[in-house]
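Q: So the protein sequences, as listed, match chains Z and X.
Adding 12 to a residue's 1-based position in the first sequence gives its number in the working numbering.
To convert, note that position 439 of the second sequence is 420 in the working numbering; the numbers rise steadily by one, no gaps.
Keep in mind that the hints were calculated from the coordinates and are not lab data.
Just so you know, not all the hints are guaranteed correct.
Okay, derived cross-link-like pairs now, SDA-like style, lysine to any residue, Cα gap no bigger than 20 Å in a straight line [to be verified]:
| hint | chain 1 | residue 1 | chain 2 | residue 2 |
| --- | --- | --- | --- | --- |
| 1 | X | 467 | Z | 51 |
| 2 | X | 266 | Z | 86 |
| 3 | X | 638 | X | 687 |
| 4 | X | 266 | X | 481 |
| 5 | Z | 39 | Z | 98 |
| 6 | X | 467 | Z | 52 |
To list a few chain X residues with every Cβ distance to chain Z over 12 Å, as calculated [unchecked claim]:
| hint | residue |
| --- | --- |
| 7 | 60 |
| 8 | 242 |
| 9 | 301 |
| 10 | 303 |
| 11 | 324 |
| 12 | 355 |
| 13 | 447 |
| 14 | 485 |
| 15 | 493 |
| 16 | 501 |
| 17 | 552 |
| 18 | 608 |
| 19 | 641 |
| 20 | 668 |
| 21 | 670 |
| 22 | 692 |
Here the structure is a predicted model, which means the values were calculated and not measured.
No residue lacks a Cβ here, since even glycine has one placed at the ideal position from N, Cα and C.
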Amino acid sequence: MFTSDNGKTTMSDMPGPKPALTLGGAKVGKVYMLIGFDGGHHLREKIYSMGLNSGAHFRVISNPGFGPVSLEVRQTRLGIGRGMAAEIRIKEVEP
Amino acid sequence: MNHSEKPIVVALAGNPNSGKTTIFNNLTGANQHVGNYPGVTVEKKEGFLTFRGRRIKVIDLPGTYSLSAHSLDEVIARNVIIEDHPDVVVDIVDASNIERNLYLTTQLVEPGLPVVIALNMSDMARDRGVITDEKHLAQLLGLRVVPTVGNKRQGIDDLLQAVIETIGGNGRRPALVNYGREIEAELAKIAAAFGPAEISTNGHRPRWMALKLLEGDTEVSKIIESRPGGNRALAVADAGRKRIETLFGDSAAALVSDRRYGFISGACSEAVTLTGQHRHALSDKIDLALIHPILGLPIFAFLMWLMFNLTFTLGEKPMGWIETGIGMLSGFLASSLPPGLPTSLLVDGVIAGVGGVIVFLPNVMLLFLAIAVLEDTGYMARAAFVMDRVMHKIGLHGKSFIPMLIGFGCTVPAYMAGRIIDDKTDRLVTMHVTTFMSCGARLPVYILVCGAFWPAHAGNVVFSLYVLGVLVAVGMVKLLRRTRFKGMSAPFIMELPPYRVPTLRSLVIHMWERSWMYLRKAGTIILSISIIIWFLMTFPVKHEFSQDYRSMVQTAQTAHAQGTISAADMQTETARYDAAIGAERIEYSFAGRLGKFIEPILKPLGFDWRLGIALISGVAAKEVVVSTMGTIYGVAESGGESGSLRRTIASDPKYTKLTAYAFLVFVLLYMPCVASMAVFLRETGSVKELLFQFGYTLGLAWGMALIIYQGGRLLGLA
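With the sequences and hints as input, model every part of the structure.
A: Below is the structure:
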C-alpha cells in the first residue's frame, strides 16, 4: 500500500514515479483521501466542485473492477468512470 | 400597484439536486415559461410573481457545481450573473450537503452582486444529524441565510422578504475568501493593471475579474482582451500565474479551489454540528440493488421495458380518440366545404400534416412523464451509472442511452433528450445515431410491407429491422469516433443524488413544459412542410386522363339506377375509378415527376419511381409512406384497413421479397423526418451537422439497400 505522503498536496504532473494507488484500485467500504489528480485541469475543477477536492475523505461504495466506481464524499454519492478513476491518486486513511 | 415599474430581477443559482426547481416552482407557480437560451440547448426558465406589492422576475439558472465556465451550463449561469445584472442572486444550498454547496456560494459572491442563501431541506438535514446555526453562518458569510423546505413550501415568504431587504441594502458585507498573501498580491497587481473605468466598470469587482484572469479563465480573458488596455492586464496575469506555479509547484486554479474549501471548512466547523452520521439509510439500501454490478443491468432493462410498455399501451386509447377526432373533422370539412383546391389544402395538407403530429402527443406526454419520474426520483443518474460500462465500450457516454431509447418511440423527443449529455461531441455523436432507432412512425411501414411479403413471419422480420437499426448505430458510433469525432467519450462523473419521492406538481410541470415544446416546434415546421408536400403532390393538376373515368362513374351510377348492379357494386366501381384518377394525378404531379427523375438512382436497389415517391413523401413523416403508396397504387384506403394495399403490392410482379427488404432497410436508415430534422437543427444550432446527418444517413441507406438487393441477387435469392 502506498502511504508515503510528502505532506503537501500537488495537483500538477509531478516528475518521478507515480504512486501506486488510484481510485481504480480502491477497496469497497474503506475510507481514502484524495492526494492528487493526473487528468486535465477542467476535469479537476469538476471533481473539486463536486466535493472531491484534495484532502477530501471519501468512502468507496462499489468498485467491481469494471465499469464506474461509486463513492461517498461530503454526504453525497458520486459515480466516477473507470478511466477517470485511474487518474485519481488516493491513499488510505486509518479508521 | 404600478405595473410599469421595473420588476426586481432575481436569479436562482444552486447545485443540481439542491431542490432549486422546487423553489422555483413554489415562487412562480404556473406563471412561468420555458424557452431556450439563444443559440444553445439549455432550457431557460423564467417566471413572475408579486410580493408585497413588488413585482419580481425570477430566472432559474442551470444547476451547477461551480462558476468556472467549463461546461455549457456553467457558462450560461455565469453569463446571466455577469451580463444580465440580476438585482439579487438567490443561492439554493442543500443543508444536508452544506460544504460542497457553499463552494458555489464562494464564487457567486465574488463578482459583487447581492446574494441571499436559501438553506434548503433543513428539516431533512436535521434528521440526518446535520444541524446548522443559520444566524452564525449568516454572520460568518456576511449574507442573509433563510431556512427553507421547498417541498413543503416553508420559508418562501421569508426568502422573498430577505430578497427585498437585500436590495434595500442594509449594510451586510459578504465575506470573501482570502487566497493567501502571494495570490492576493498578484490579484492586486492585475486589478491595478485594469487602470481606470474602461475595464473595471460593468459593476463587477475588479478583484473578481483579476481572479478569473489568474485562474486562466478563457471567457473573461476574451472580454478583457477586447477592452482598451486589456492586453496589458492579460500580460500581468500571465506573469502572475507563472510566478504562483513556480512558487507552489501547483496551478493557481488548483490553489484557489483549495483555499475556497479551506474557507468553507472554517465556517462550517463553527456553524454546523454533525451529530452522528445517519446518512440516507433507505437510499443507501436501494442503491445496494440498483447500482449492483450484476443486478443493476437487469433491473435497468426491466424498468426501461416497463416505461416503454406503459407509454405505448396507455397511449393507445387517447391516440385512437385523437385519430378519430381528426378523421371526423376532415370528413366534416371535406363534405361541407365546396370541393376544390382550398378545401384540399385544408384537409389533405394542413389537417393531415398537423394531425400527424398531434396524434403522437399522448405517447410523447407519457414518455416525458416517465422521464420526469426517473429524473425526479434520482434513478436517472443510476441508470447512466449502470449503462456507462456498456456505452463506454461502444464509444458513447453513460447518458447516451436515454435519447437512444426514446428514439424507439419518436426521434423528435429523442433529439431533445440529447440535452442531458453535457459534452458537445458526445451529444452530437449520440444524435447522429439516434435516428437509427426504429421510431413508432416507421412501424406502420414495416407492418404493411412485412405483412404483404412475409405474412407468416411478419413479426420476426419487423424485429430484425429493430435489431439492424441498433447494430448500424453501434457501427456508426465506432466509425464516427474514428473519423469526424475523434477521441474518447467524455469522462463519466455524476452525482448519485439521494432517492426522493417526486411531487405530482413537479412531474406535471416537467411533462407539460417539454410536451408543449414538442407541439410548438414540430407543429410549426410540419405545418409548412405538409403544405409543400401537398403542393408537390397536387400540382400541376391533371385534367385529361388515359381513360374517361368520369363517364365510367356515370355509367355505373346509371346502371345502379336502372337496377342492373347493386348499390355496393356501384360504390366499389366509383371508388375504383376515383383511385385510378388519384394514381394518374400523382404520376403527373411534381412529386411523380421527381419520382421518375430519381428512378435511375433507385434502380440498382430494385425500386421503381412509385417507391421513389413514397420515400420522398416519407420525409414529411415516415408513416406517410403508407398513405402515399395507397394513393400511387390507386387503392382507396378506407377506415385504416390496409388489406387491399397489402394484396396489391404483394401481387405486383416488379417487387420481390428482396426488393421489399431493401425498401424496408432504406426506410429504416434514410434521413429522419422533417419534424426531427427541424428539432435537430434547433438542438445543435448547426446547419453543417444537419447537412451531414442528411447526407450520411441517405448514403448509408442507399448503400445498405444496394448491398442487400444486389448481394441477394448474386446469391440467387431474388
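Q: Evaluate each hint against the coordinates.
A: Evaluation of the provided hints:
The straight-line distance between the Cα atoms of residue 467 of chain X and residue 51 of chain Z is roughly 19 Å, inside the 20 Å bound, and the hint therefore holds. A distance of roughly 18 Å separates the Cα atoms of residue 266 of chain X and residue 86 of chain Z; the hinted pair therefore holds under the 20 Å criterion. Between residue 638 of chain X and residue 687 of chain X the CA atoms are separated by roughly 14 Å; this keeps the pair inside 20 Å, and the hint holds. About 13 Å separates the Cα atoms of residue 266 of chain X and residue 481 of chain X, which keeps this hinted pair within 20 Å; it holds.
Distance restraint check for residue 39 of chain Z and residue 98 of chain Z: the Cα-Cα separation of roughly 14 Å lies within the 20 Å cut-off, and the hinted pair is therefore satisfied. About 18 Å separates the Cα atoms of residue 467 of chain X and residue 52 of chain Z, which keeps this hinted pair within 20 Å; it holds. No Cβ of chain Z approaches the Cβ of residue 60 of chain X within 12 Å, the least distance being about 18 Å, so the stated non-interface status holds. Distance check on residue 242 of chain X: its Cβ comes as close as 5 Å (rounded) to a Cβ of chain Z, failing to clear the 12 Å threshold; non-interface status is violated.
Every C-beta of chain Z lies more than 12 Å from that of residue 301 of chain X, the closest at about 42 Å, which supports listing it as non-interface. No beta-carbon of chain Z comes within 12 Å of the beta-carbon of residue 303 of chain X; the shortest separation is about 40 Å. Interface exclusion of residue 324 of chain X from chain Z stands, the closest Cβ pair being 58 Å apart, more than 12 Å. For residue 355 of chain X, the non-interface assignment is confirmed: its Cβ lies about 16 Å from the closest Cβ of chain Z, beyond the 12 Å cut-off.
Every CB of chain Z lies more than 12 Å from the CB of residue 447 of chain X, the least distance being 26 Å, so the non-interface label holds. For residue 485 of chain X, the requirement that its beta carbon stay farther than 12 Å from each beta carbon of chain Z is met, with the minimum near 26 Å. Listed as a non-interface residue, residue 493 of chain X keeps its Cβ farther than 12 Å from every Cβ of chain Z; the least gap is roughly 30 Å. With a least beta-carbon separation of about 34 Å from chain Z, residue 501 of chain X lies farther than 12 Å from that chain, consistent with its non-interface assignment.
No Cβ of chain Z approaches the Cβ of residue 552 of chain X within 12 Å, the least distance being about 64 Å, so the stated non-interface status holds. Every beta carbon of chain Z lies more than 12 Å from that of residue 608 of chain X, the smallest distance being close to 46 Å; the non-interface claim holds. Residue placement check: residue 641 of chain X keeps its beta carbon more than 12 Å from all beta carbons of chain Z (closest about 41 Å). The claim that residue 668 of chain X is not at the interface with chain Z holds, since no C-beta of that chain comes within 12 Å of its own (minimum 28 Å).
Taking the minimum C-beta to C-beta distance to chain Z, about 23 Å, the non-interface status of residue 670 of chain X holds against the 12 Å cut. The Cβ of residue 692 of chain X lies farther than 12 Å from every Cβ of chain Z, with a closest approach of about 38 Å, so its non-interface assignment holds.
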